[in-house]
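Residue numbers (my numbering), protein chains in the order written: chain A, 4 to 820; chain B, 82 to 383.
Hints were generated in silico from the structure; no laboratory data involved.
Treat the numbers as computed from the prediction; the structure is a model and nothing was measured.
Hints may contain errors.
Stated by the list, open to error - Calculated pairs, DSS-like style, for lysine-lysine (alpha carbon to alpha carbon, straight line, at most 27 Å):
1) Lys196/A to Lys564/A
2) Lys683/A to Lys356/A
3) Lys414/A to Lys325/A
4) Lys178/B to Lys603/A
5) Lys743/A to Lys425/A
6) Lys603/A to Lys135/B
7) Lys135/B to Lys616/A
8) Lys194/B to Lys602/A
9) Lys135/B to Lys609/A
10) Lys696/A to Lys252/B
11) Lys722/A to Lys194/B
12) Lys178/B to Lys602/A
13) Lys602/A to Lys170/B
14) Lys317/B to Lys252/B
Stated by the list, open to error - Pairwise CB distance ranges, derived in the manner of DEER restraints:
15) Gly695/A to Gln191/B: 53 to 61 Å
16) His338/B to Glu335/A: 38 to 46 Å
17) Glu359/B to Asp329/A: 55 to 63 Å
18) Phe600/A to Lys358/B: 41 to 49 Å
19) Ser200/B to Asp417/A: 19 to 27 Å
Beta carbons: idealized from backbone N, C-alpha and C, even for Gly.
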Amino acid sequence: MNTKQSIVAPQRAANTEGNYYNVKSERSNPGMNDRIQRLRQLSVETEPSLSIERALIETEFYKENYGKYSIPVLRALNYLEICKKKTIYLGEGELIVGERGPKPKAVPTFPELTCHSVEDLHVLNTRELQRYTISQEDIDTYEREVIPYWEGRTQRERIFNHVPEEWKAAYEAGLFTEFMEQRAPGHTTLDGKIYKMGLNDFKARIAEEIDRLDFMNDVEATDKLEQLKAMDISCDATILFAQRYAEMAEKLAQKESNEKRKAELLKIAEVCRWVPANAPRTFWEAIQMYWFVHLGTVTELNGWDAMNPGHFDQHLAPFYEKELADETLSREEAKELLSCFWIKVNNHPAPPKVGITARESGTYNDFTNINIGGVRANGLDGVNEVSYIMLEIIEDLHILQPGSSIHISSKTPDRFLKEGCKVIRQGHGYPSVFNPDIYIQELLRQGKSLKDAREGGCSGCIEVGAFGKEAYLLTGYLNVPKILEVTLNNGIDPVTGKKAGIASGDPRDFKSYEELYEAFVRQLNFVVDQKVRVSNYIDQMFAKYAPAPFLSVVIDDCISKGKDYYNGGPRYNTNYIQCTGLGTVTDSLSVLKHHVFEKKTFSMEKILDAVSKDFNGEEILRQTIINNTPFFGNDDPYADNIALGVYADLLKAIDGKPNTKGEQFYLNMLSTTCHVYFGKVMGATPNGRLAGKSISDGTSPSHGADTHGPSAVVKSLTKLDHTMSGGTLLNLRFLPSLLKRDQDIAKLSQLIRSYFALGGHHVQFNIVDTATLYAAQQNPEDYKDLLVRMAGYSDYFNDMNADLQQEVIDRTENESF
Amino acid sequence: MSNSLIFDIKRYAINDGPGIRLTIFFKGCPLNCKWCHNPESISPQTQKMYAKQKCIGAQACIDVCPENALSLTPDSIITDWNLCTVCGKCAEACPTKAIEMSGQQMDIDQLIKTIESESLFFDQSGGGVTFSGGEPLMHYKTLLQLLDECGKRHIHRVVDTSLFSRSEIVKQVAEKTELFLVDLKHMNDEKHKKYTGVSNQLILENIRLLSDINSDFWIRIPLIDGVNADEENIKKSAEFLSKLNWQSKLVNLLPYHDIGRNKHLKLGSSYNGDGMKEPAQQIIERSIRIFSDFGIQAIVGG
Numbered sequence: 004m005n006t007k008q009s010i011v012a013p014q015r016a017a018n019t020e021g022n023y024y025n026v027k028s029e030r031s032n033p034g035m036n037d038r039i040q041r042l043r044q045l046s047v048e049t050e051p052s053l054s055i056e057r058a059l060i061e062t063e064f065y066k067e068n069y070g071k072y073s074i075p076v077l078r079a080l081n082y083l084e085i086c087k088k089k090t091i092y093l094g095e096g097e098l099i100v101g102e103r104g105p106k107p108k109a110v111p112t113f114p115e116l117t118c119h120s121v122e123d124l125h126v127l128n129t130r131e132l133q134r135y136t137i138s139q140e141d142i143d144t145y146e147r148e149v150i151p152y153w154e155g156r157t158q159r160e161r162i163f164n165h166v167p168e169e170w171k172a173a174y175e176a177g178l179f180t181e182f183m184e185q186r187a188p189g190h191t192t193l194d195g196k197i198y199k200m201g202l203n204d205f206k207a208r209i210a211e212e213i214d215r216l217d218f219m220n221d222v223e224a225t226d227k228l229e230q231l232k233a234m235d236i237s238c239d240a241t242i243l244f245a246q247r248y249a250e251m252a253e254k255l256a257q258k259e260s261n262e263k264r265k266a267e268l269l270k271i272a273e274v275c276r277w278v279p280a281n282a283p284r285t286f287w288e289a290i291q292m293y294w295f296v297h298l299g300t301v302t303e304l305n306g307w308d309a310m311n312p313g314h315f316d317q318h319l320a321p322f323y324e325k326e327l328a329d330e331t332l333s334r335e336e337a338k339e340l341l342s343c344f345w346i347k348v349n350n351h352p353a354p355p356k357v358g359i360t361a362r363e364s365g366t367y368n369d370f371t372n373i374n375i376g377g378v379r380a381n382g383l384d385g386v387n388e389v390s391y392i393m394l395e396i397i398e399d400l401h402i403l404q405p406g407s408s409i410h411i412s413s414k415t416p417d418r419f420l421k422e423g424c425k426v427i428r429q430g431h432g433y434p435s436v437f438n439p440d441i442y443i444q445e446l447l448r449q450g451k452s453l454k455d456a457r458e459g460g461c462s463g464c465i466e467v468g469a470f471g472k473e474a475y476l477l478t479g480y481l482n483v484p485k486i487l488e489v490t491l492n493n494g495i496d497p498v499t500g501k502k503a504g505i506a507s508g509d510p511r512d513f514k515s516y517e518e519l520y521e522a523f524v525r526q527l528n529f530v531v532d533q534k535v536r537v538s539n540y541i542d543q544m545f546a547k548y549a550p551a552p553f554l555s556v557v558i559d560d561c562i563s564k565g566k567d568y569y570n571g572g573p574r575y576n577t578n579y580i581q582c583t584g585l586g587t588v589t590d591s592l593s594v595l596k597h598h599v600f601e602k603k604t605f606s607m608e609k610i611l612d613a614v615s616k617d618f619n620g621e622e623i624l625r626q627t628i629i630n631n632t633p634f635f636g637n638d639d640p641y642a643d644n645i646a647l648g649v650y651a652d653l654l655k656a657i658d659g660k661p662n663t664k665g666e667q668f669y670l671n672m673l674s675t676t677c678h679v680y681f682g683k684v685m686g687a688t689p690n691g692r693l694a695g696k697s698i699s700d701g702t703s704p705s706h707g708a709d710t711h712g713p714s715a716v717v718k719s720l721t722k723l724d725h726t727m728s729g730g731t732l733l734n735l736r737f738l739p740s741l742l743k744r745d746q747d748i749a750k751l752s753q754l755i756r757s758y759f760a761l762g763g764h765h766v767q768f769n770i771v772d773t774a775t776l777y778a779a780q781q782n783p784e785d786y787k788d789l790l791v792r793m794a795g796y797s798d799y800f801n802d803m804n805a806d807l808q809q810e811v812i813d814r815t816e817n818e819s820f
Numbered sequence: 082m083s084n085s086l087i088f089d090i091k092r093y094a095i096n097d098g099p100g101i102r103l104t105i106f107f108k109g110c111p112l113n114c115k116w117c118h119n120p121e122s123i124s125p126q127t128q129k130m131y132a133k134q135k136c137i138g139a140q141a142c143i144d145v146c147p148e149n150a151l152s153l154t155p156d157s158i159i160t161d162w163n164l165c166t167v168c169g170k171c172a173e174a175c176p177t178k179a180i181e182m183s184g185q186q187m188d189i190d191q192l193i194k195t196i197e198s199e200s201l202f203f204d205q206s207g208g209g210v211t212f213s214g215g216e217p218l219m220h221y222k223t224l225l226q227l228l229d230e231c232g233k234r235h236i237h238r239v240v241d242t243s244l245f246s247r248s249e250i251v252k253q254v255a256e257k258t259e260l261f262l263v264d265l266k267h268m269n270d271e272k273h274k275k276y277t278g279v280s281n282q283l284i285l286e287n288i289r290l291l292s293d294i295n296s297d298f299w300i301r302i303p304l305i306d307g308v309n310a311d312e313e314n315i316k317k318s319a320e321f322l323s324k325l326n327w328q329s330k331l332v333n334l335l336p337y338h339d340i341g342r343n344k345h346l347k348l349g350s351s352y353n354g355d356g357m358k359e360p361a362q363q364i365i366e367r368s369i370r371i372f373s374d375f376g377i378q379a380i381v382g383g
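Work out the full structure: start from the sequences and follow the hints.
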């Protein structure tokens with residue numbers, strides 16, 4: 004088949020974002036009532052835009068107040084100022100209210116962290132994919148009011164002024180990325196406390212802690228006082244924000260002629276007067292409570308992964324069950340309210356990066372991930388009726404955000420797994436599937452208590468954390484195949500010709516595979532040390548200059564410690580390094596071991612020469628490699644043992660490195676879309692992969708390397724001890740035609756059960772066929788609803804760049820299905 | 082320890098019996114069905130297969146051939162079958178696996194090891210091993226040993242067969258088999274001979290035998306418009322089956338398609354699909370209805 008693709012015609016992003024009303028009407032959503040249809044339509048058809056309002060309020064505030072207050076109090080007052088002054092929006096027909104920007108899909112900027120240049124804004128406004136519109140007038144205002152003040156004062160500049168040359172060289176070579184240079188550290192998920200306590204209750208606790216401060220004996224007491232004051236102010240700010248909504252709803256109600264809507268508006272006002280100040284009393288209030296807290300944390304700062312409600316079905320179940328019994332709420336009403344919430348999340352695209360190349364990661368997805376099912380804190384099964392309602396909503400709404408995942412423990416009923424598989428079959432790319440039996444062990448290994456581990460789960464893509472009690476910061480991706488590339492070039496990056504690592508010896512002189520591997524491990528340790536050193540430095544920068552007092556209110560034990568979320572306040576403080584490309588590096592090492600050192604099919608000189616020429620004129624050699632080498636993902640001990648070795652050495656290099664909070668670094672095996680970027684900064688690799696092509700994602704096998712079906716992939720992957728990681732990632736693709744019947748669904752669920760019984764952490768499925776994908780490239784407008792899941796997130800096929808599209812197509816098809 | 086010629090082992094097989102299975106394909110079949118999707122399964126000898134589209138003209142095969150049986154044309158590599166001894170050296174040398182040998186001698190230890198590696202999937206899904214082919218009963222000595230070994234390991238055993246075999250063999254195999262998948266290709270003996278090369282009498286007799294000894298089976302019918310999908314044949318099939326003492330009462334209808342064509346090309350053999358058509362949806366539905374009228378559940382797919 005011809006794999007060449009035509010150039011995808013420029014798409015206005017919002018047009019490509021899931022407006023499937025005309026395209027596949029037969030699939031349209033029996034569960035959506037008129038209100039939800041309208042709200043959904045508005046959400047998917049509104050084009051993402053940039054709002055400069057937050058930046059203007061903040062710049063004005065900083066000009067006036069910087070230096071007058073302690074940093075935490077300054078940050079809290081800045082947040083208060085935004086809550087006071089920002090434009091608020093209450094849309095027609097809405098039940099759950101609140102937007103971060105002045106209107107749906109309007110994304111604020113965060114110049115205190117990183118300030119967009121005029122050129123950035125122009126690029127964002129005009130690029131083909133992931134476009135954010137902004138008017139020339141706003142760009143001019145930004146240039147005049149915002150940019151001059153922040154020049155030299157942003158967090159990003161502070162960071163880059165202080166990093167060592169070795170780090171810069173490795174970073175620029177693409178050996179790793181740095182998460183925290185663009186956004187605040189995040190990956191934060193809440194537990195159940197906000198459904199039992201209102202912000203007034205939190206304020207009372209803050210006051211108690213202030214009373215308890217011991218200024219005579221605790222040298223940090225004054226710092227703690229400032230932090231606690233800041234937390235208190237941030238509670239007031241959030242309550243104020245909700246009150247403004249209550250007032251707005253009341254005003255709208257006065258003008259409203261439709262009696263039904265008038266009653267709804269008055270109800271909204273009542274809800275917003277009660278939460279977040281007080282603990283929610285009803286299902287409606289519980290959802291609105293979470294949403295105000297969510298908005299507060301993403302307005303105060305722009306942490307990665309926005310914010311997550313965690314086990315939302317479990318948190319909502321008591322409200323749902325009580326009101327259903329009291330007959331104050333019907334199942335349909337509950338579903339409508341939850342659908343409104345779902346759409347609210349979709350109204351919040353990710354804040355765009357600066358210095359945009361659109362290469363590293365391009366998506367509107369801000370990675371809110373709803374955990375459905377799983378286990379409860381007491382160890383019992385967590386599935387309830389709200390879990391099933393959520394599955395229905397995912398299938399009905401079919402929108403980009405929020406992401407969703409089903410959590411399948413050995414106690415989870417088959418009914419729930421099968422209902423989940425039926426949603427997977429729709430090919431929306433979600434839900435992904437997680438294994439609590441394993442991730443609870445992962446959390447226990449990291450020292451969490453059993454209860455905290457059970458209340459934990461997965462946020463963002465696949466990373467685990469103790470919900471509501473942990474700061475688990477992803478610090479950046481590690482390009483493991485690139486480390487081998489640099490090793491094979493004695494410390495030089497062959498793409499740029501610059502030094503990127505250490506001199507580890509000319510591989511032509513290596514007498515054995517062990518010698519080569521030892522050089523690789525030395526290089527690996529050098530790169531990881533650079534990464535850790537700078538990550539720790541950046542951590543301190545955030546603790547000093549960009550604390551997050553409101554986030555600290557809702558994460559245990561920031562209040563009782565009197566410390567910020569970024570300063571060791573949480574009960575657990577973890578740093579992750581995400582390792583990418585296990586398949587590519589394993590297969591490359593396998594080629595060198597098998598062909599160069601053992602079979603002597605060809606020499607080191609020969610393969611290095613072929614790789615340096617991108618296999619030009621060496622197709623026979625390349626084919627020999629591809630077809631005659633043991634590769635990872637086939638249940639072949641030869642390749643799998645190499646993968647085990649690499650995994651062990653990654654653990655040795657990363658696991659246990661101290662962070663700034665007296666705790667430590669862990670690894671996880673996540674790539675999101677970074678394996679595409681990493682592939683672009685690399686030449687060809689010994690496994691026959693050509694220059695610029697993406698490397699393997701997560702713990703998945705290299706594309707096309709797994710030729711023995713999904714059970715062999717599963718066997719290979721579960722030779723790795725997933726409990727030593729903070730998450731692994733497996734992508735499997737299935738053809739839709741093979742999931743038609745109930746028994747097909749049963750077998751998919753049995754495959755999942757098998758993987759999990761063997762110790763797998765996560766699996767996700769792309770249910771698409773290649774012909775569809777090629778057709779989608781040719782006629783993108785006919786396939787607007789084609790949502791694919793890639794490496795931990797879902798995106799619309801048409802929203803993906805050509806590389807990502809090709810990547811989806813290249814994945815191994817499981818033909819037996 | 083006896084060896085058998087195996088042409089494929091499929092992991093995560095989900096269409097060859099209950100649950101997730103591992104299917105072992107024996108090479109060699111006494112039938113020669115015109116529509117055969119796996120033509121390499123028919124010959125009991127190792128065969129050479131050549132996929133032209135994979136060939137990059139590396140010519141390593143020509144260099145290693147001890148008989149000088151291969152030559153390069155502008156279009157592809159050509160084999161002189163008068164010279165070729167099917168030694169397999171060309172396949173070993175081929176960098177793209179455009180040339181592959183179909184049929185590999187495997188002993189029972191190797192096969193049991195492979196089967197056992199999937200046992201967790203069997204446990205989780207109520208699956209097991211399926212012996213298919215070709216015709217596994219042609220390899221009954223090995224098959225009986227394999228069935229014994231699997232039985233010792235509590236692995237669920239399925240035998241996928243045409244039942245064109247001596248009745249004593251069927252009986253012996255049935256003692257060690259939980260479920261048979263039995264092909265029923267045509268009720269009319271003349272047509273059966275025409276399309277498969279053999280009479281259906283032995284086959285029908287052996288189906289009755291399974292019924293008599295209470296050995297469970299599913300019937301599989303390759304549903305081919307123009308061959309056996311007509312109302313009369315389906316009715317006769319249903320009538321025949323309805324009279325049996327039969328636990329599952331399940332028929333798998335396998336609608337015909339011509340993906341076998343590509344494999345015929347690779348073998349260098351010809352494929353004549355004349356008069357064979359994919360059954361239309363109403364034919365499939367009619368067939369399901371007919372079986373249902375006779376108290377038998379028919380489903381599409383295995």
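Hint by hint, here is what the structure shows:
1. Among the hinted pairs, Lys196/A with Lys564/A is consistent with the structure: their alpha-carbon atoms are about 17 Å apart, no more than 27 Å.
2. With a CA separation close to 19 Å, the supplied pair Lys683/A and Lys356/A stays within the 27 Å bound.
3. The straight-line distance between the Cα atoms of Lys414/A and Lys325/A is roughly 24 Å, inside the 27 Å bound, and the hint therefore holds.
4. Restraint check for Lys178/B and Lys603/A: the C-alpha separation of about 20 Å stays at or below 27 Å, so the hint holds.
5. Annotation: proposed proximity of Lys743/A to Lys425/A holds, straight-line Cα distance about 9 Å (limit 27 Å).
6. Distance restraint check for Lys603/A and Lys135/B: the Cα-Cα separation of roughly 25 Å lies within the 27 Å cut-off, and the hinted pair is therefore satisfied.
7. This hinted pair checks out: Lys135/B and Lys616/A have alpha carbons roughly 23 Å apart, not beyond 27 Å.
8. With a CA separation close to 26 Å, the supplied pair Lys194/B and Lys602/A stays within the 27 Å bound.
9. Annotation: proposed proximity of Lys135/B to Lys609/A holds, straight-line Cα distance about 24 Å (limit 27 Å).
10. Between Lys696/A and Lys252/B, the direct Cα distance comes to roughly 57 Å. Violation of the 27 Å bound is thereby established for this hinted pair.
11. Our distance criterion of 27 Å between C-alpha atoms is met by Lys722/A and Lys194/B, whose separation comes to about 17 Å.
12. Straight-line distance between C-alpha atoms of Lys178/B and Lys602/A comes to about 19 Å, which keeps the hinted pair within the 27 Å bound.
13. Under the criterion of a C-alpha separation no larger than 27 Å, the hint pairing Lys602/A with Lys170/B is consistent with the structure, at around 17 Å.
14. Proposed proximity of Lys317/B and Lys252/B is supported: the alpha carbons are some 26 Å apart, at most 27 Å.
15. Range check, Gly695/A to Gln191/B: about 41 Å between beta-carbon atoms, so the 53 to 61 Å window is missed.
16. A C-beta distance of roughly 45 Å is found between His338/B and Glu335/A, which places it inside the suggested range of 38 to 46 Å.
17. Take Glu359/B and Asp329/A: their Cβ atoms lie about 58 Å apart, and the range 55 to 63 Å holds.
18. For the pair Phe600/A and Lys358/B, the supplied restraint of 41 to 49 Å is violated, since their beta-carbon distance comes to about 56 Å.
19. The hinted window of 19 to 27 Å between Ser200/B and Asp417/A holds, with their beta carbons roughly 21 Å apart.
Hint compliance for this structure: hints 10, 15, 18 are broken, all remaining hints hold.
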